[in-house]
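Participant: Chain by chain, the residues run as shown.
2 protein chains.
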Amino acid sequence: MTSKTLVCHASAEYIAHMLSVAPHMLDHPNIVSELSGVALFNGIDEATLQQFAQAASLRTEPKGKILFIQEDEAEWVYLIQRGWVKMFRETMDGAEAVIDVMTAGHMFGDNAVFENDSYSYSAQVVEQVQMIMFPVSVLKKAIASNPSIALNMLSSMSRHRQQQHLEIEHLNLQNAPQRIGCFLLRLCPADVGQSLNLNLPYDKTLIAARLGMKPETFSRALAVLKKDGLIEITGASVFIPNVPHLVTYTCDHCSTAFPCEDLKG
Amino acid sequence: MTSKTLVCHASAEYIAHMLSVAPHMLDHPNIVSELSGVALFNGIDEATLQQFAQAASLRTEPKGKILFIQEDEAEWVYLIQRGWVKMFRETMDGAEAVIDVMTAGHMFGDNAVFENDSYSYSAQVVEQVQMIMFPVSVLKKAIASNPSIALNMLSSMSRHRQQQHLEIEHLNLQNAPQRIGCFLLRLCPADVGQSLNLNLPYDKTLIAARLGMKPETFSRALAVLKKDGLIEITGASVFIPNVPHLVTYTCDHCSTAFPCEDLKG
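Protein sequence lines correspond, in order, to chains H and C. Take the first sequence: its letters are residues 153 to 417, numbered as in the working numbering. Take the second sequence: its letters are residues 153 to 417, numbered as in the working numbering.
Some hints here could point you the wrong way.
The list makes no distinction among identical chains, and a pair is therefore deemed to hold if it is satisfied within one copy or across any two copies.
Claimed, not checked - The calculated lysine-lysine pairs, modelled on DSS-like cross-linking and capped at a C-alpha distance of 30 Å, are:
hint, residue 1, residue 2
1, K366, K379
2, K356, K217
3, K293, K378
If you're looking for bench data, these hints aren't it; they were derived computationally from the structure. Because the structure is a prediction, the values reported are computed rather than measured.
Chain H extracted, bound-state conformation (with noise of 0.2 Å):
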């Protein structure tokens, strides 16, 4: 049973329920509140705002759950309000590969828009996540009809684009090791001082995945970078005693300066 026949056939304590969410929380000021903060919607009035939360849905969805499935018809975009969420494609022989993991602040599924409404990729929960979802029919009319809207998916496309290529780079050029200190150095405040404690976001495995190696690819990396002093690590939980050693020793390997300028905001 799909969400939109859920929409479309129960009551919306029904639809709460199902969602997993407290009716409480199916709140519209709220909902616009959070819209209002996101780059979508940048700029955008009150009214637009509006018909956006009128149409919207919050949900909390288990670590595990899968959202859609690749080539899916596609009925919502997602908003993440807390927690983790991995796209990814199969191939036709079965193997996975993660294009993304998306969390906080993120969107996925808008560019079903000009993908002949379907998904390009599956979706599926990592990290207990709490999303506002919105029918893709909604930003579907706002685009065609509100050019400011238009003009905030191209910019938010094209730094989607620029992290694209920077991931191609780093693919095409990095080591394992480098690679992991770039995941390291993305999850550091910009503010970061001297010395930083940090925990892992999400299982290694995923991380591994996320990251294009194989598990004892990862493995070896983490034991170089221990080797070096680079980090220190127990379980999820990461110490990196000297943040500038790692910066040189991974952001020289890149095409731009530590901090990544895509997550200044």
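Following the hints, position chain C against chain H.
Facilitator: Showing chain C alone in chain H's frame:
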């Protein structure tokens, strides 16, 4: 001296000379007809096309010519009519990452509109190129005032994003011979028969870089393809004796089927 300076201070003949273009080629009806065939101008009215054509120039450049450098102020958007152009970025330590190599029908420099009017990569001619170039400022105004241009640009960015997803997938999952197989199959016409002769479009060192391989990895991978009877190669000439075999070898390890959707126009 930048191209912008030329436009400000030089006569049309001098511009044509400096741009290596015969003056008779700066011919608006021809440019209008060329532009109308490009996705960005799909369904766009004649008056808008005329605005672009009036601001446009034709330009040919020889192999090796640097068109612009990453972080240059962006003045021109380029539409390739013939030849090949490489887009690349340099890392802090001087290595070069080839992020794309484009040919006829493709546009580059356009995303500068959303990146503070600066180019996010460098561009160099790899096989003599003929291009139409028009000012970034003209595109910028058209995007803001003409919703159809903005929508066309969104569609084309979305297609590009799909291709990048596929490229990241291949860098993650395909081995070197499979990535070369994919490169060759993307050069085949959609109605390719059982076997095919084709010429490599640019030199092998660049193909290797484009595919994220060291030259020696590329040579070893070519040898594997030859040994398995999938290709015969002499200089730049490649014979594929059994296209379906190469498709099975390559496209079984990809999430899309042959022929690639994005090449269908």
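Participant: Take the hints in turn and mark each one as holding or not.
Facilitator: Structure-based check of all given hints:
For the homomeric pair K366 and K379, the shortest alpha-carbon distances inside one copy (20 Å) and between copies (27 Å) are both at most 30 Å. With identical chains, the CA atoms of K356 and K217 are at most 30 Å apart within one copy only, with a shortest distance of 19 Å there and 45 Å across copies. Taking the shortest Cα distances, K293 and K378 never come within 30 Å of each other, neither inside one copy (52 Å) nor across copies (52 Å).
Hint compliance for this structure: hint 3 alone is broken.
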